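Novice: Kindly produce the complete structure, drawing on both the sequences and the hints.
The listed protein sequences correspond, in order, to chains A and B.
If you want my numbering, it's the position in the first sequence, counting the first as 1, plus 186.
If you want my numbering, it's the position in the second sequence, counting the first as 1, plus 186.
Be aware that one or more of the hints could be misleading.
Pairs involving identical chains hold if they fit within one copy or between any two copies, as the list cannot separate such chains.
[Said to hold, decoys possible] Result set (PhoX-like, lysine-lysine): computed pairs, CA atoms no more than 25 Å apart in a straight line: (1) K459 x K421; (2) K219 x K301; (3) K229 x K242; (4) K203 x K348; (5) K434 x K459; (6) K421 x K215; (7) K521 x K348; (8) K465 x K385; (9) K249 x K260; (10) K445 x K469; (11) K469 x K441; (12) K203 x K215; (13) K219 x K348; (14) K215 x K521.
FYI, nobody ran anything at the bench for these hints, they're computed from the structure.
None of the values given here were measured: they were computed from a predicted structure.
One-letter residues, chain by chain:
Number of protein chains: 2
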Amino acid sequence: MRIILCGFGVVAQSLVKLFDSRSEDLYAKYGLKPRVVGVFDSKGSAVDVSGLSLSKLVETKKKFGTVKNYANTKNSMSGIEMLKNVEADVLIETTASNYKDAEPGMTHITTAMKKGMHVISVNKGPLALAFPSLMELATYNQVMFKFSGTVGGGTPILDYAKNSLRGERITSFAGILNGTTNYILTNMSTGLSFESALKDAQDKGYVEADESLDLDGLDAAAKLVILANWIMGMKVTLPDIDCTGIRKVTIEDIKKAEKNNSVLKLIASCDNKLVVSPKEIHKDDPLGVNGTLNAIAFTSEHSGTQTIIGKGAGGTETASSILRDLLDIRQEIAKN
Amino acid sequence: MRIILCGFGVVAQSLVKLFDSRSEDLYAKYGLKPRVVGVFDSKGSAVDVSGLSLSKLVETKKKFGTVKNYANTKNSMSGIEMLKNVEADVLIETTASNYKDAEPGMTHITTAMKKGMHVISVNKGPLALAFPSLMELATYNQVMFKFSGTVGGGTPILDYAKNSLRGERITSFAGILNGTTNYILTNMSTGLSFESALKDAQDKGYVEADESLDLDGLDAAAKLVILANWIMGMKVTLPDIDCTGIRKVTIEDIKKAEKNNSVLKLIASCDNKLVVSPKEIHKDDPLGVNGTLNAIAFTSEHSGTQTIIGKGAGGTETASSILRDLLDIRQEIAKN
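Specialist: Put into structure tokens, the structure is as follows:
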């Protein structure tokens, strides 16, 4: 399967390492033979239609900070040129989420779809701003559009709700969808001030370059958009979310929650309304997990409330979700 | 789809109510039109090849304690006679689990398979004692064998591990698979003695008629057998489990756990060895849920540890898992 990788950060590098370490197993078990024919990052690109060397890609990126130096050529294609000119089956989009105009991810995705490529995105920007129209574009161009890694990292939350609960009717859900704010709130509950807890999270590398994505709830809201569209069949985008972050949470709020035998968490919920907001969760509720964990509770008509808990981020974890999407695409293609 | 129901207790009654209340939706969305052509319980049976009235079945059972009085006939077929003589597509086996010889469930299942019927079982006995050979028998007779409801009730634990984590390699798992013992241990942690906690659980109807199934860990061990076979590809049966129940747990054990900032739970685990035993779980571990909840944590190679929590029992919940199995069978049949 011919793949174009767009973005070559932690997630994409974890993915190619996964390809490398599991190549035999993936072929034997699933008939998947991933061939990376092109990679581009913000500084340049590398192309080889017969397949790039995965280890050389990682080495090049490590040494030069870009894949551009993979070959000894002065000029390299732009991402858009690559998508338009290099034949591939799947685009894997891993550039950073941007909730203003969703670029450059949006153009990558739409260009690839129009060229008849299947698309896997772990970039939440395009989905948050244009989920309904991207799904239409995919249908119109008869390509598959997968995004397992956008919610829950390696924890298959979207798949669980859509597939494992098939035949059920999910009536509402609520979750901790952002590990960074959970980490900050967990530390505040041990007495740290917001500022100290934020500093600690930053030192550990948990906070996005644009801290607003975490602190103002944008990341959680983007995931809520994806869940609402995919699981509940709603047609909504980011502006439809009533979103409050954690900047105004005080030690007093945390103490008040404790008095109620509860913990304060940033909760994204879908129950008639779509809301992201700090909320008290009772200590007996499985949803109230600590540290950087993510958790989501689905309430369904017949089988009660079910909670899934897991790491919401991480390079290898997110790469494993991309691999799942790829296996799905492989299987669908094999059917036809 | 022609269905024979074997056993007509809480689960089977919840199932026919589900058929009734969702008949339009099931047909429109999934093309499923369940037609119950035969039902038998321990006292007798009811048959109508054109389809039994679901509401009349429930009424009859309520009034007479058996479905035998559905029609005004003196004699009714035995279960085995029905399986041998009434044409049907699927047997749904819901009689009580028995870990001595797995009867009568075992004979129902093998008879149905040999007649070419697909089988859905929520009876754990036959699976605990003969999982590997039942799978072989199903393969040999080219029928589907489904058992989602045996582990986790309505919480799709088996499906999650098998399907949502496809492409992953699960390396170990551990879980609270029996809600009754969890309820007893939770109450003991508030100071109740084992005897009082057991009495309370019995009063609430949580304890099996044969209390040993819960207290000696047999129910948890049976579920562990199913998980080990289905998820890990092991070929094991009940005697392979190293099983200790909760009868010897003392208030001192519970207090000791508390000192270690932990809670004492009956844990079924697969990590080289297959063990059911009381074990301390750290308070920060999402696995340590309270009350009658079930929880299981799967650790996989790339996506870390993921915990699923939900109600492990209940008529409607388990019926919803049977419905999922039925939809799977419907979909598979439609493919051919």
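Novice: Going back to the hint list, which numbers does this structure go against?
Specialist: none
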